[in-house]
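**Student:** Sequence:
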Amino acid sequence: MLDEGVDWALSKGYGWGGDDKNFIEEFGHYEGADSSKVSQRAKERG
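Counting the sequence shown from 1 gives a position; this note's numbering is that position plus 274.
Source of the hints: derived by calculation from the structure; they are not laboratory data.
Nothing here was measured: the structure is a model prediction, and the numbers come from that model.
Do not take every clue at face value.
[Unchecked claim] Computed beta-carbon distance windows for the label pairs:
# : residue 1 : residue 2 : range
1 : K317      : Y288      : 17 to 27 angstroms
2 : R315      : D293      : 13 to 23 angstroms
3 : K311      : W282      : 17 to 27 angstroms
4 : S313      : W290      : 17 to 27 angstroms
5 : G287      : S309      : 16 to 26 angstroms
6 : E278      : R319      : 17 to 27 angstroms
[To be verified] Pairs of lysine to any residue, SDA-like flavour, derived with a Cα cap of 20 angstroms:
# : residue 1 : residue 2
7 : K295      : V312
8 : K295      : A283
9 : K295      : E278
Idealized CB from N, CA, C, for every residue including glycine.
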């Protein structure tokens, strides 16, 4: 989820495709986000 954004969620059956991404900030994927900056503890907590 951290690296793929909303596309990951949609590929796993969470939510609906189509126009939904148009209503999410940054279209559900923030370019330039660096998931390596998120601590392992935060990742484990979800």
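**Student:** Run every hint past the structure and note whether it holds.
**Tutor:** A quick look at each hint next to the structure:
1. K317 with Y288: 17 to 27 angstroms: holds (18 angstroms)
2. R315 with D293: 13 to 23 angstroms: Cβ of R315 to Cβ of D293: about 36 angstroms, so the range 13 to 23 angstroms is violated.
3. K311 with W282: 17 to 27 angstroms: Between K311 and W282, where Cβ atoms are some 18 angstroms apart, the hint holds.
4. S313 with W290: 17 to 27 angstroms: At roughly 32 angstroms between Cβ atoms, W290 and S313 fall outside 17 to 27 angstroms, so the hint is violated.
5. G287 with S309: 16 to 26 angstroms: holds (22 angstroms)
6. E278 with R319: 17 to 27 angstroms: Given about 19 angstroms between the Cβ atoms, the range holds.
7. K295 with V312: violated (24 angstroms)
8. K295 with A283: holds (11 angstroms)
9. K295 with E278: holds (13 angstroms)
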